[in-house]
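A.B. asks: Residue numbers (UniProt numbering), protein chains in the order written: chain G, 1 to 320; chain U, 1 to 320.
Any given hint might turn out to be false.
As the list makes no split between identical chains, a pair holds if one copy fits it or if it spans any two.
Under the rule of at most 25 Å between Cα atoms (straight-line distance), these lysine-lysine pairs were calculated in the DSS-like manner [claimed, not checked]:
{"no.": "1", "residue 1": "99", "residue 2": "38"}
{"no.": "2", "residue 1": "101", "residue 2": "38"}
{"no.": "3", "residue 1": "307", "residue 2": "265"}
{"no.": "4", "residue 1": "38", "residue 2": "66"}
I should point out that these hints are in silico values taken from the structure, not numbers from a laboratory.
Protein chains: 2
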Amino acid sequence: MNKLIELICNSNHIAVTSHVDPDGDSIGSILALGTALKQKNGNVEIFVNDTLSNKYDFLPGYSLIKSYDAIQDKSFDLIFVLDCGDEHRLGSSVECLEKSKSVVNLDHHISNNHFGDINIVDVNASSTCEIVYLLLSELNFRIDRAIATCIYTGIVTDSGNFVYDNATDRTHLIASELLKYNIDKQEIMYNLYQRKSIHSLKFLGHCLSNMELELDNSLAIFTITASSLKEFMVPYSDVEGIVNYGRDIETVKISVALREDKDHKVKMSFRSKDDDVDVRALAELFNGGGHKKAAGATISTSLAEAKMLVIEKSKQFIRR
Amino acid sequence: MNKLIELICNSNHIAVTSHVDPDGDSIGSILALGTALKQKNGNVEIFVNDTLSNKYDFLPGYSLIKSYDAIQDKSFDLIFVLDCGDEHRLGSSVECLEKSKSVVNLDHHISNNHFGDINIVDVNASSTCEIVYLLLSELNFRIDRAIATCIYTGIVTDSGNFVYDNATDRTHLIASELLKYNIDKQEIMYNLYQRKSIHSLKFLGHCLSNMELELDNSLAIFTITASSLKEFMVPYSDVEGIVNYGRDIETVKISVALREDKDHKVKMSFRSKDDDVDVRALAELFNGGGHKKAAGATISTSLAEAKMLVIEKSKQFIRR
Numbered sequence: 001m002n003k004l005i006e007l008i009c010n011s012n013h014i015a016v017t018s019h020v021d022p023d024g025d026s027i028g029s030i031l032a033l034g035t036a037l038k039q040k041n042g043n044v045e046i047f048v049n050d051t052l053s054n055k056y057d058f059l060p061g062y063s064l065i066k067s068y069d070a071i072q073d074k075s076f077d078l079i080f081v082l083d084c085g086d087e088h089r090l091g092s093s094v095e096c097l098e099k100s101k102s103v104v105n106l107d108h109h110i111s112n113n114h115f116g117d118i119n120i121v122d123v124n125a126s127s128t129c130e131i132v133y134l135l136l137s138e139l140n141f142r143i144d145r146a147i148a149t150c151i152y153t154g155i156v157t158d159s160g161n162f163v164y165d166n167a168t169d170r171t172h173l174i175a176s177e178l179l180k181y182n183i184d185k186q187e188i189m190y191n192l193y194q195r196k197s198i199h200s201l202k203f204l205g206h207c208l209s210n211m212e213l214e215l216d217n218s219l220a221i222f223t224i225t226a227s228s229l230k231e232f233m234v235p236y237s238d239v240e241g242i243v244n245y246g247r248d249i250e251t252v253k254i255s256v257a258l259r260e261d262k263d264h265k266v267k268m269s270f271r272s273k274d275d276d277v278d279v280r281a282l283a284e285l286f287n288g289g290g291h292k293k294a295a296g297a298t299i300s301t302s303l304a305e306a307k308m309l310v311i312e313k314s315k316q317f318i319r320r
Numbered sequence: 001m002n003k004l005i006e007l008i009c010n011s012n013h014i015a016v017t018s019h020v021d022p023d024g025d026s027i028g029s030i031l032a033l034g035t036a037l038k039q040k041n042g043n044v045e046i047f048v049n050d051t052l053s054n055k056y057d058f059l060p061g062y063s064l065i066k067s068y069d070a071i072q073d074k075s076f077d078l079i080f081v082l083d084c085g086d087e088h089r090l091g092s093s094v095e096c097l098e099k100s101k102s103v104v105n106l107d108h109h110i111s112n113n114h115f116g117d118i119n120i121v122d123v124n125a126s127s128t129c130e131i132v133y134l135l136l137s138e139l140n141f142r143i144d145r146a147i148a149t150c151i152y153t154g155i156v157t158d159s160g161n162f163v164y165d166n167a168t169d170r171t172h173l174i175a176s177e178l179l180k181y182n183i184d185k186q187e188i189m190y191n192l193y194q195r196k197s198i199h200s201l202k203f204l205g206h207c208l209s210n211m212e213l214e215l216d217n218s219l220a221i222f223t224i225t226a227s228s229l230k231e232f233m234v235p236y237s238d239v240e241g242i243v244n245y246g247r248d249i250e251t252v253k254i255s256v257a258l259r260e261d262k263d264h265k266v267k268m269s270f271r272s273k274d275d276d277v278d279v280r281a282l283a284e285l286f287n288g289g290g291h292k293k294a295a296g297a298t299i300s301t302s303l304a305e306a307k308m309l310v311i312e313k314s315k316q317f318i319r320r
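Kindly produce the complete structure, drawing on both the sequences and the hints.
C.D. replies: So, in structure tokens, the structure goes:
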């Protein structure tokens, strides 16, 4: 920790970044840490590789986030890489690491490969935001309402509102501290959950009505054609949560969403709810990966063939 | 508080009960308090007016809950009435209060009418379980894993997983303490959210597909016929959450579910997401009531007529 404080004090140019396709935890954590660092050192860049969706535009400091294009000619004394299990999750902005004197890798993924000069990896944290909170406290950085809002949002999104096992007693203790900063929880919840489109709800209705159950109702299958996405006018991102609805059926052990993709490909998302039904192993049969209860893969085949394969391969993972 | 301790110590026969149609907070709180009292005093009855659904059968001590039938000939020195805004929420078991020497009214509803001899009403608590936790701590009662499981379940169900405004810094602090008792959070979450029926998901799909939007997409309407409930083989209780899906659409200010009931009646459920759209006032126009963001009413009319009335009356509540 002393080494990190020294590094921060001795760095003139600092950058804070996170992975491609950033989520609530990555955006929350880069804003929280970036804002806190700016209070000590004006010369801090916050950036991500992609252009951002507007989902998190309510977060304080959101307009400070630059795209990689805007900073790619710069070099840094110190770069913080947040919420990245490995450096390749940075996309093309990975080249930025070579132009930085020191790399701090701050993350909570169990698969983290410790690519930094300093690695702060806590696999027991609900989120990278949880680690940022602990770090700021330890470094005696001032936490204000804006920073608390970003951290709370990251914790909420990565822990599924404290539902997942990763939300521990420490997570709740931190949430308790954050709420004391008088953050507008209602605004956070509105932005996270109550800005859905009519199209997306109608599409959910369509998917549920067409959900199929196989293997004595232990396997739920959602088959999502490219034409249905077009018909309902929904973006790919609206498909993401649908697989969870199948998992939440009492008899279901595995839920799978099969989404028709470009170039005769099918994207598969798997969910389970029991520790003894390991969908990562199932995904690996299709050269995919992920976690025990949430995994994915992409295969080159038709939707009908993909469905047949999934039914066949799921059998061995569903004990009866 | 001293008076309460004295009462507990001097009571030979104690009862703990809650309202009709009990939910996670009422069942969690009577089990938590009842179990704790039993440790001090063997002679404690835990009961509710109704026969229970099996939704909460995973809670420790669940089998101790008796129906009112089984205890109605008894009288008590002390009765705790939990999570009841007024005594009439007890249904026919309200007569039990007259056969009890002292009544403790322990609740968190703002509408509470202080019907007890001792009233412990904390409208800032997320749940009655939150108050039970504070009470047990103050009385130096021993909290164990079973009691912690019941309290955590009540907090989670009444705060919508810490999403609602009622989940404060104190609520999270208590959740943090409860998780230290090594409770099986995964089992709780499985029982609360992952035991849905296929029928109920198919019915949700049907409702979403048939959802109507009125008043420039600011009013979402779900019309639920008696025949659709029969066709999808779902109980009335499966209808409850559906109105929330409409609320979560960005353009929607009021969501309403109209459910065809017996005897030419329609049950109306209203939801809003903004503090300035008061659906309680809307429900009152139909002789109903509730909270600002969640209210209900029952009217004697047809579904078609109810829909027309709701559209007409909603206009004044939706500012444009």
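A.B. asks: Should residue 307 paired with residue 265 be assigned to within, between, both, or neither, using CA atoms and 25 Å as the limit?
C.D. replies: within (13 Å within a copy, 45 Å between copies)
A.B. asks: Between the shortest in-copy and the shortest cross-copy C-alpha distance, which are at most 25 Å for residue 38 and residue 66: within, between, both, or neither?
C.D. replies: within (15 Å within a copy, 61 Å between copies)
A.B. asks: At 25 Å max between alpha carbons, let me know whether residue 101 reaches residue 38 within a copy, between copies, both or neither.
C.D. replies: within (19 Å within a copy, 64 Å between copies)
A.B. asks: For residue 99 vs residue 38, is the C-alpha pair at or below 25 Å within one copy, between two copies, both, or neither?
C.D. replies: Answer is within; shortest intra-copy Cα gap is 21 Å, inter-copy 67 Å.
Violated hints are absent here; each numbered hint is respected by the structure.
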